[in-house]
Amino acid sequence: MTALTPHHPAPDAISTPLVLALPKGRILAECAPLLTRAGIVPETDYTDENSRRLRFHTSAPDLDVIRVRSFDVATFVAFGAADIGICGGDVLMEFDYPEIYAPLDLGIGACRIAVAEPADEAGTTDFTRLSRVRVASKYPNTTRRHFAARGIQAEIVALNGAMELAPGLGLSRLIVDLVQTGSTLVANGLVETEVIAHVTSRLIVNRTALKTRPEAISGWIARFRAALAAP
1 MTALTPHHPA
11 PDAISTPLVL
21 ALPKGRILAE
31 CAPLLTRAGI
41 VPETDYTDEN
51 SRRLRFHTSA
61 PDLDVIRVRS
71 FDVATFVAFG
81 AADIGICGGD
91 VLMEFDYPEI
101 YAPLDLGIGA
111 CRIAVAEPAD
121 EAGTTDFTRL
131 SRVRVASKYP
141 NTTRRHFAAR
151 GIQAEIVALN
161 GAMELAPGLG
171 LSRLIVDLVQ
181 TGSTLVANGL
191 VETEVIAHVT
201 SRLIVNRTAL
211 KTRPEAISGW
221 IARFRAALAA
231 P
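Each residue of the sequence shown is one higher than the one before, counting from 1 in the UniProt record's numbering.
Keep in mind that a hint or two might mislead.
With beta-carbon atoms standing in for the labels, derived distance ranges [to be verified]: (1) E49 to L104: 25 to 33 Å; (2) T128 to R55: 46 to 54 Å; (3) P214 to V41: 41 to 49 Å; (4) N160 to S59: 31 to 39 Å; (5) L130 to T44: 22 to 30 Å; (6) R145 to R26: 56 to 64 Å; (7) D105 to R55: 41 to 49 Å.
Below 25 Å or equal to it, Euclidean Cα-Cα: the simulated SDA-like pairs (lysine to any residue) are [as the list claims (entries may be wrong)]: (8) K24 to A149; (9) K138 to V157; (10) K138 to A149; (11) K24 to T58; (12) K24 to P61.
Bear in mind the hints are in silico, worked out from the structure with no lab data behind them. For glycine and all other residues, C-beta sits at the position ideal for the given N, C-alpha and C.
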C-alpha cells in the first residue's frame, strides 16, 4: 500500500470555504474569546463535547470549523484536509511537518514539556554515566531528540495517557509529558526534574493553501493578528 504524503488542495477548493481545525478539550475553551474577536462564531453545538458533529459552519461564510483531537490538528493541516488551525507547540515539535507555517503565537494553552521521575529518587541518577534510558511518553520524537543531545539513547514506552503510573508500575524510570500546573505529578508521587520546552498554541497554515489562496489565508492571519492586539 502506498504511504500517505501531505498533498496540495485540489484546484476546485478555491471556491469552497476554508477549513479551520480546532483542538478538542481545554484549548477549545481558551481560544473562544480569540475566535470571537476575530469574527468567528461557530454553530452553537461546536463546544458541546457530546455532539457527534465534527464540522461546523461559522458566522463567516468563507470559513468552516472542524473539531479534532489536539494531536491531529497538525496532521489535518499538513495533509491539506484543513487550511488553517490552532495547534499546541508540543505537537509542532513532535511532528515538525515542513508543510506547516506557524505565523502567530496565540499566547494561549501555556504549558511545558517536562521530564519527571519518582520524587524519592529525584536527583540520584547521574545522566553523564548513562548510555540508555527507558522513558514513557506520547512524544517519542521529542524525547529521543532531547536525550540524544546528551548522548543517551531513549527507549520509548509509548503511552497516550496515565503517564504518571509508568514509574510506579515498573514500565519506565522516567516520563516525558505535558505539564501545566504539576498537580497530577505531585498526586502520583512524581517530581518535575527538567523542562524540555515551554509551549503555547500557535496559528498554523498549510503552505500550499497559502500559495493557492493567498488573499483568503493572509486575510485570516491578519484578523487573528488584530484579535491578539485587541484590548
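Here's how the hints hold up against the structure:
1. E49 to L104: 25 to 33 Å: Because 26 Å falls inside the window, the suggested range holds.
2. T128 to R55: 46 to 54 Å: Cβ of T128 to Cβ of R55: about 51 Å, so the range 46 to 54 Å holds.
3. P214 to V41: 41 to 49 Å: violated (25 Å)
4. N160 to S59: 31 to 39 Å: holds (35 Å)
5. L130 to T44: 22 to 30 Å: violated (53 Å)
6. R145 to R26: 56 to 64 Å: About 26 Å separates the Cβ atoms of R145 and R26, which means 56 to 64 Å is violated.
7. D105 to R55: 41 to 49 Å: violated (27 Å)
8. K24 to A149: The given pair, whose Cα atoms are some 33 Å apart, is violated under the 25 Å limit.
9. K138 to V157: Satisfied, since the Cα-Cα distance of roughly 8 Å is no more than 25 Å.
10. K138 to A149: holds (19 Å)
11. K24 to T58: This hinted pair holds, its Cα atoms lying about 17 Å apart.
12. K24 to P61: holds (23 Å)
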